[in-house]
Amino acid sequence: MDKMEKLNIMNKILRELEDVNNSSTALIKKIAQIEAENINLGNKLLEEKLPDVFEHTDGVVTETAALLTEFTTLRDTFVTENKLDEVTELPT
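For the sequence shown, position 84 (counting from the first letter as 1) is numbered 83 according to numbering that gives the first Met the number 0, and the numbering increases by one without interruption.
Each hint should be verified, as a subset may be incorrect.
[Unchecked claim] DSSO-like, lysine-lysine: derived pairs with alpha carbons at most 27 Å apart:
id, residue 1, residue 2
1, Lys5, Lys28
2, Lys28, Lys48
3, Lys43, Lys29
4, Lys2, Lys48
5, Lys29, Lys82
6, Lys28, Lys11
7, Lys29, Lys5
8, Lys82, Lys2
[To be verified] Label-pair ranges, simulated between beta-carbon atoms:
id, residue 1, residue 2, range
9, Glu69, Met3, 27 to 33 Å
10, Arg14, Asp57, 19 to 25 Å
11, Lys29, Thr71, 43 to 49 Å
12, Met0, Leu40, 41 to 47 Å
13, Thr71, Leu45, 35 to 41 Å
14, Asp84, Glu34, 42 to 48 Å
15, Ile12, Glu54, 42 to 48 Å
None of these hints come from the bench; they were simulated from the model. All residues carry an ideal CB built from backbone N, CA and C; glycine is no exception.
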């Protein structure tokens, strides 16, 4: 596999990680909406279970964001070491 092909794969992975992070963030917002709606409903099952779901989802967002940052650094280092920044512009 040549260096440009590796870079293309790295960029694709970064886009997919961003998608996972955005999707997880959307889930957190939905869970918060359900919690807010349940204030009026007062369902004990939702009161009991939703905080756990929220916490797990928040963990996914936190870990995905950290992975995204670390992998971006790894990709940027790969670009610099292989002088690929002269060949192509990196997506922002």
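Evaluation of the provided hints:
Taking the CA atoms of Lys5 and Lys28, the gap is about 35 Å. The hint is violated against a cut of 27 Å. Under the criterion of a C-alpha separation no larger than 27 Å, the hint pairing Lys28 with Lys48 is consistent with the structure, at around 16 Å. Restraint check for Lys43 and Lys29: the C-alpha separation of about 18 Å stays at or below 27 Å, so the hint holds. The hinted pair formed by Lys2 and Lys48 fails the criterion: a straight-line CA distance of about 47 Å is larger than 27 Å.
Among the hinted pairs, Lys29 with Lys82 is inconsistent with the structure: their alpha-carbon atoms are about 43 Å apart, more than 27 Å. For a cut-off of 27 Å, the pair hint linking Lys28 to Lys11 stands: about 26 Å separates their Cα positions. Distance check on the hinted pair: Lys29 and Lys5 sit about 36 Å apart at the alpha-carbon level, beyond 27 Å; violated. Taking the CA atoms of Lys82 and Lys2, the gap is near 10 Å; set against the 27 Å cutoff, the hint holds.
Look at Glu69 against Met3: about 22 Å separates their beta carbons, and that is not inside 27 to 33 Å. At roughly 22 Å, the beta-carbon separation of Arg14 and Asp57 lies within the given 19 to 25 Å, and the hint holds. Between Lys29 and Thr71 the C-beta distance comes to about 27 Å, which lies outside the given range of 43 to 49 Å. A hinted range of 41 to 47 Å for the beta carbons of Met0 and Leu40 is inconsistent with their spacing of about 54 Å.
Thr71 and Leu45 have their C-beta atoms about 37 Å apart, which keeps the hinted 35 to 41 Å range intact. A hinted range of 42 to 48 Å holds for the C-beta pair Asp84 and Glu34, which are about 45 Å apart. Taken as a hint, the range 42 to 48 Å is violated for the pair Ile12 and Glu54, whose Cβ atoms sit roughly 27 Å apart.
Violated hints, listed in ascending order, are 1, 4, 5, 7, 9, 11, 12 and 15; each of the other numbered hints is respected by the structure.
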